[in-house]
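If you're matching them up, the sequences are chains A and B in order. For what it's worth, the numbering used here labels the leading residue of the first sequence as 1, then goes sequentially. For what it's worth, the numbering used here labels the leading residue of the second sequence as 1001, then goes sequentially.
Since the hints were derived computationally from the structure, they do not count as laboratory data. Glycine residues also receive a C-beta, built at the ideal position from the N, C-alpha and C atoms. Be careful, since some hints might not be right.
[Unchecked claim] Derived Cβ-Cβ restraints for the label pairs, each shown as a range:
1) 76(A) <-> 1140(B): 33 to 39 Å
2) 1321(B) <-> 380(A): 43 to 49 Å
3) 18(A) <-> 1299(B): 35 to 41 Å
4) 340(A) <-> 1266(B): 56 to 62 Å
5) 1074(B) <-> 352(A): 28 to 34 Å
6) 1299(B) <-> 11(A): 43 to 49 Å
7) 1001(B) <-> 270(A): 42 to 48 Å
8) 381(A) <-> 1305(B): 49 to 55 Å
9) 1140(B) <-> 239(A): 35 to 41 Å
10) 384(A) <-> 1140(B): 29 to 35 Å
11) 1140(B) <-> 269(A): 39 to 45 Å
12) 391(A) <-> 1305(B): 54 to 60 Å
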Amino acid sequence: MQDRNHVASVSTTHQVRIIENGLLEIPMLQILSPDGVIQGQDEPTIDESTAQRILETMLFTRILDERMVSAQRQGRISFYLASTGEEAASVASAAAISDQDMIMSQYREQGALAWRGYTPAQFMDQMFSNHNDPNKGRQMPIHYGDKPLNFMTISSPLATQIPQAAGFAYGQKMAGLDAITLCYFGEGAASEGDFHAGLNMAAVLACPVIFLCRNNGYAISTPAEEQFAGDGIASRGIGYGIKTIRVDGNDPLAVYAATAHARDIAIKHACPVLIEAMTYRLAAHSTSDDPSGYRSKKEEANWQRKDPIVRFTAWLKRKGWLDEDSLAKNESAMRQTVLTALKAAEKEPINPIDDLVTDVFDHVPWHLKEQITALKHHIQKYPDAYPKTAERQQ
Amino acid sequence: MAQMNLLQAVNHGLITAMSDNQKVMVFGEDVGQFGGVFRATSHLQEKFGKQRCFNTPLTEQGIIGFANGLASQGAYAVAEIQFGDYIFPAFDQIVNETAKFRYRSGGQFTCGTLTIRTPYGGGIAGGHYHSQSPEAFFAHCPGLRIVVPRNPYQAKGLLLASIRDDNPVLFLEPKRLYRASVCEVPEDDYQLPLGKAEIVQQGTDITLVAWGAQVEIVQQAALSALEDGISCEIIDLRSIAPWDAETVANSVMKTGRLLINHEAPLTGGFASEIAATIQDKCFLSLESPILRVCGLDTPFPLAHEKEYMPDELKTYEGILRTMHY
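Make a model of the complete structure from these sequences and hints.
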């Protein structure tokens, strides 16, 4: 590596030749065709129960998304962000790593958290900012985080988790753990400085981290062709000296195979791997967005035909791994569980007012003690204006 | 005890921390074999290996992003930003990530074991980009400790406390004093308290508050004032956030007068916060308005550096004005 950076080992030329097209051919790994037929010779190395669980988790994620978009429309929560159409990219990648691995996600990877076993009640507690949320109701809906499940609390600023994932993975390596970090982000976030800083740091400092970019075509309304002029995100990995693969992000088997392989490499060689998953955001960016202003129904319909759930269901059927009756029952049970959890979580109170000032520092310092004392006196004087906390002070 | 300058004291503090705890890692631009542009990290790589003391690519946002992740994993990350003036590419990582990590996760995750070291301040003919004092930008952000030592003894003790403290610390080193300030420093392990100011000189007529390299400036001004029969109480704030209002308030209740000196520009500087808090806590004890002797509201100058600095004479004049209000 060092030799390559040294001027003595660079070959010379005697002609002025500007490189006009330095693009490498980076093909997209596809194992399942959109209609669920295996491509190529080899049968994928995935077992029946894992495959079934991937399908169930993708289904659960879609059910959760549908239910919560409605809940937002009904005014029950302030905000939601669906991952419709992109479930394979998060679920199948999370399925391919170890539960000991840290996941540092952007905000559209609820499928990965569901794979780890986050329950409908836990999702709801976060979204309703109630006292059962381990994050203490401090962030907008969908900013999940759960230490026992090795899922880092999400932050809104884009791409900040990318250099952090490099550092976290360096720490895992130094601690001698058999673990890596899986870091998710979108193709829009990859324009942030933190993306470039993070990939370069990870490569130079030999960090065992998988960077998984969901290239879903849009950053809110901005299409990918207005986001970058190069060959997607994968080409950048090569520029940073990072082992790279591009996959069909709507093909669970391709995502699973690439991620499992990337993990082996990251652990064995203590190095980063970049995966660019080509997918499509069938959902709006968030409940505050309306895609009809920037893309056509025809385009959406075209991608609906590549739906990862439809594709995977077709393959499982062909394979004889799908019991349609039990799947239908399971689906209706999931809908019911989600609805029950929603109704329960929205009735739970928020944390007591003292938690406004905890966790700023390890201890509550003098100035925050003064401020919370003054605030409590104020709330006691005007309890009707602050019903959520006034009641809890009694 | 040994005679050390401020750089040697920082270096000694880092060696002590790294010897004491395997999980302490030091990194930044040029900190590896070269030992940093000021040599604060000299010999660390030799002693502790390339895995624990290493160069990073030239990216401040990358350094702090990496440091946040490393600290949240459980390591004691000591990140160097080569000059305080270059910390701003990392502003988002510090303000939106470092400072909010514990709060946003309900205490599940934290980068409390992160310490960011950076040289700050003027007086070295460094112009705009090698002279700034950025403490007020960060003091506005809840969740960060900000610590500034005034001499080598303070530097080692406060640095060790900062590295071991379970809150992220921005440790600002007065680079004007790196080689200029020399004193006896214990070779043993010791820590000085964070969030606690120190009364460096008792007095009865006026309280002077400063930190870092400006402490010795107000000490010189106090000597001149003493010739006029004015007794100054001098407080080294040491921690900007959270700061020790109690020590300052107790002093002002005794003296009735307060002068605050800092190198950073006047408007929105940390002196404003001190003045607002002290007028609230000590209103009935004040004999004169609280005076700020600070840098001008200009970018840090080069040719006019001497005129810009809140020096001993400006401080002395300020003391007289406050006394004769």
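Hints and how they fare:
1. A C-beta distance of roughly 35 Å is found between residue 76(A) and residue 1140(B), which places it inside the suggested range of 33 to 39 Å.
2. A hinted range of 43 to 49 Å for the beta carbons of residue 1321(B) and residue 380(A) is consistent with their spacing of about 44 Å.
3. Checked against the given bound of 35 to 41 Å, the beta carbons of residue 18(A) and residue 1299(B), roughly 40 Å apart, stay inside it.
4. A hinted range of 56 to 62 Å for the beta carbons of residue 340(A) and residue 1266(B) is consistent with their spacing of about 60 Å.
5. Roughly 30 Å separates the CB atoms of residue 1074(B) and residue 352(A), a value that falls within the hinted 28 to 34 Å.
6. Range check, residue 1299(B) to residue 11(A): about 46 Å between beta-carbon atoms, so the 43 to 49 Å window is met.
7. For residue 1001(B) paired with residue 270(A), a C-beta distance near 43 Å keeps the hint of 42 to 48 Å intact.
8. As the Cβ distance of residue 381(A) to residue 1305(B) is approximately 52 Å, the hint placing it in 49 to 55 Å holds.
9. With their beta carbons about 38 Å apart, residue 1140(B) and residue 239(A) fall inside the hinted range of 35 to 41 Å.
10. Roughly 33 Å separates the CB atoms of residue 384(A) and residue 1140(B), a value that falls within the hinted 29 to 35 Å.
11. The hinted range of 39 to 45 Å is satisfied by residue 1140(B) and residue 269(A), whose Cβ atoms lie roughly 43 Å apart.
12. Between residue 391(A) and residue 1305(B) the beta carbon distance is about 59 Å. The supplied range of 54 to 60 Å therefore holds.
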